[in-house]
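Following the hints, complete the assembly by docking chain S onto the known chain Z.
As given, the protein sequences belong to chains Z and S, one line each in that order.
Heads up: take any position in the first sequence, counting from 1, add 30, and you land on the working numbering.
Quick note: the second sequence, position 111, residue 101 per the working numbering, numbers continuous.
Calculated directly from the structure, the hints in this document are not laboratory data.
Treat the hints loosely; a few may be bogus.
To be verified - Straight-line Cα separation of at most 25 Å, SDA-like style, residue types lysine to any residue; simulated pairs: (1) K87/Z <-> T115/Z; (2) K93/Z <-> G88/S; (3) K72/Z <-> S(-1)/S; (4) K72/Z <-> E77/S; (5) K72/Z <-> S44/S; (6) K93/Z <-> S50/Z; (7) K31/S <-> G51/S; (8) K133/Z <-> T22/S; (9) K133/Z <-> F18/S; (10) K31/S <-> H104/Z; (11) K72/Z <-> E96/S; (12) K72/Z <-> W0/S; (13) K31/S <-> F18/S; (14) K72/Z <-> L138/Z; (15) K54/S <-> T39/S; (16) K109/Z <-> S48/Z; (17) K56/S <-> C3/S; (18) K72/Z <-> C3/S; (19) K72/Z <-> Q32/S; (20) K89/Z <-> F18/S; (21) K72/Z <-> G43/S; (22) K4/S <-> V52/S; (23) K10/S <-> A(-8)/S; (24) K31/S <-> A83/Z; (25) K133/Z <-> C3/S; (26) K31/S <-> K98/Z; (27) K72/Z <-> K4/S; (28) K31/S <-> S140/Z; (29) K72/Z <-> L64/S; (30) K56/S <-> H(-3)/S; (31) K109/Z <-> T135/Z; (32) K87/Z <-> D112/Z; (33) K99/Z <-> E96/S; (34) K10/S <-> G88/S; (35) K99/Z <-> T115/Z; (36) K98/Z <-> Q33/Z; (37) K87/Z <-> V(-7)/S; (38) K93/Z <-> K109/Z; (39) K98/Z <-> S33/S; (40) K10/S <-> Q(-4)/S.
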Amino acid sequence: EDQVTQSPEALRLQEGESSSLNCSYTVSGLRGLFWYRQDPGKGPEFLFTLYSAGEEKEKERLKATLTKKESFLHITAPKPEDSATYLCAVRGASGYSTLTFGKGTMLLVSP
Amino acid sequence: GAVVSQHPSWVICKSGTSVKIECRSLDFQATTMFWYRQFPKQSLMLMATSNEGSKATYEQGVEKDKFLINHASLTLSTLTVTSAHPEDSSFYICSARGPYNRGQQETQYFGPGTRLLVL
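The shape of chain Z in the complex, shown without the other chains (with noise of 0.2 Å):
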């Protein structure tokens, strides 16, 4: 069965206070781990997909690494707008159709 594991579970910054946030997984055959971006009563919206440990990518304060048991998000002299609640979403093998999501990391960014 497919896990992932986010954490912390919420984190507090002051603007411009660089961080991580780390989703631990294991999974059968990966095809994929994905960063969403929530916000307060929306849906999810997509960042990145990463698909082999090494690859990174970026977005504007954004960057997502991999490596074969976690992923890091990091954020860069964050905004208060990049207060958000962020998913990791990986999937495996065994369930092609469907995705495994975290509980999340809930980022509150103070001015």
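Chain S alone, transformed into the frame defined by chain Z:
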């Protein structure tokens, strides 16, 4: 690109009535769509997977007769909550897979969600 819409965005209904939620992929064709339910401060819970033109596959514990799913076309899936009761009140989110990028797995794109309140 890859926009998914949902309608309505929120609905309030009386106990015992049925509610239909529409999910559309606006700029791509989605062979597979998914329906999720989310409780406050919880992650997404997959309810069912639907493929165009075939019956939906429901997750364990999800009542097929209560949550009717129809995926009639490559851009439209509907979720009907039949005989809704207060415990069905929740945030329902649909997702569509695609478009397909050569050599890569398809990404799931999510709709904005529908908040259902059953009185």
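Taking the hints in turn, this is what the structure says about them:
1. K87/Z <-> T115/Z: OK: K87/Z and T115/Z at ~19 Å, within 25 Å.
2. K93/Z <-> G88/S: holds (23 Å)
3. K72/Z <-> S(-1)/S: With Cα atoms ~10 Å apart, K72/Z and S(-1)/S stay inside 25 Å; holds.
4. K72/Z <-> E77/S: Holds - the C-alpha atoms of E77/S and K72/Z are around 21 Å apart, at most 25 Å.
5. K72/Z <-> S44/S: violated (29 Å)
6. K93/Z <-> S50/Z: OK: K93/Z and S50/Z at ~9 Å, within 25 Å.
7. K31/S <-> G51/S: holds (21 Å)
8. K133/Z <-> T22/S: Status holds; Cα separation ~24 Å.
9. K133/Z <-> F18/S: With Cα atoms ~29 Å apart, K133/Z and F18/S exceed 25 Å; violated.
10. K31/S <-> H104/Z: holds (23 Å)
11. K72/Z <-> E96/S: holds (22 Å)
12. K72/Z <-> W0/S: Status holds; Cα separation ~11 Å.
13. K31/S <-> F18/S: It is violated: about 31 Å lies between the C-alpha atoms, which goes past 25 Å.
14. K72/Z <-> L138/Z: With Cα atoms ~17 Å apart, K72/Z and L138/Z stay inside 25 Å; holds.
15. K54/S <-> T39/S: OK: K54/S and T39/S at ~12 Å, within 25 Å.
16. K109/Z <-> S48/Z: At roughly 10 Å apart (the allowed maximum being 25 Å), S48/Z and K109/Z satisfy the hint.
17. K56/S <-> C3/S: holds (16 Å)
18. K72/Z <-> C3/S: holds (21 Å)
19. K72/Z <-> Q32/S: holds (13 Å)
20. K89/Z <-> F18/S: holds (23 Å)
21. K72/Z <-> G43/S: violated (28 Å)
22. K4/S <-> V52/S: Status holds; Cα separation ~21 Å.
23. K10/S <-> A(-8)/S: holds (23 Å)
24. K31/S <-> A83/Z: violated (30 Å)
25. K133/Z <-> C3/S: violated (29 Å)
26. K31/S <-> K98/Z: violated (28 Å)
27. K72/Z <-> K4/S: Distance ~24 Å between K72/Z and K4/S Cα, so the pair holds.
28. K31/S <-> S140/Z: holds (20 Å)
29. K72/Z <-> L64/S: Cα-Cα ~23 Å, so holds.
30. K56/S <-> H(-3)/S: holds (19 Å)
31. K109/Z <-> T135/Z: holds (16 Å)
32. K87/Z <-> D112/Z: holds (17 Å)
33. K99/Z <-> E96/S: holds (22 Å)
34. K10/S <-> G88/S: Since the Cα atoms of K10/S and G88/S sit roughly 24 Å apart, the hinted pair holds (cutoff 25 Å).
35. K99/Z <-> T115/Z: holds (22 Å)
36. K98/Z <-> Q33/Z: holds (14 Å)
37. K87/Z <-> V(-7)/S: holds (21 Å)
38. K93/Z <-> K109/Z: holds (15 Å)
39. K98/Z <-> S33/S: holds (23 Å)
40. K10/S <-> Q(-4)/S: Holds: K10/S and Q(-4)/S sit about 11 Å apart, inside 25 Å.
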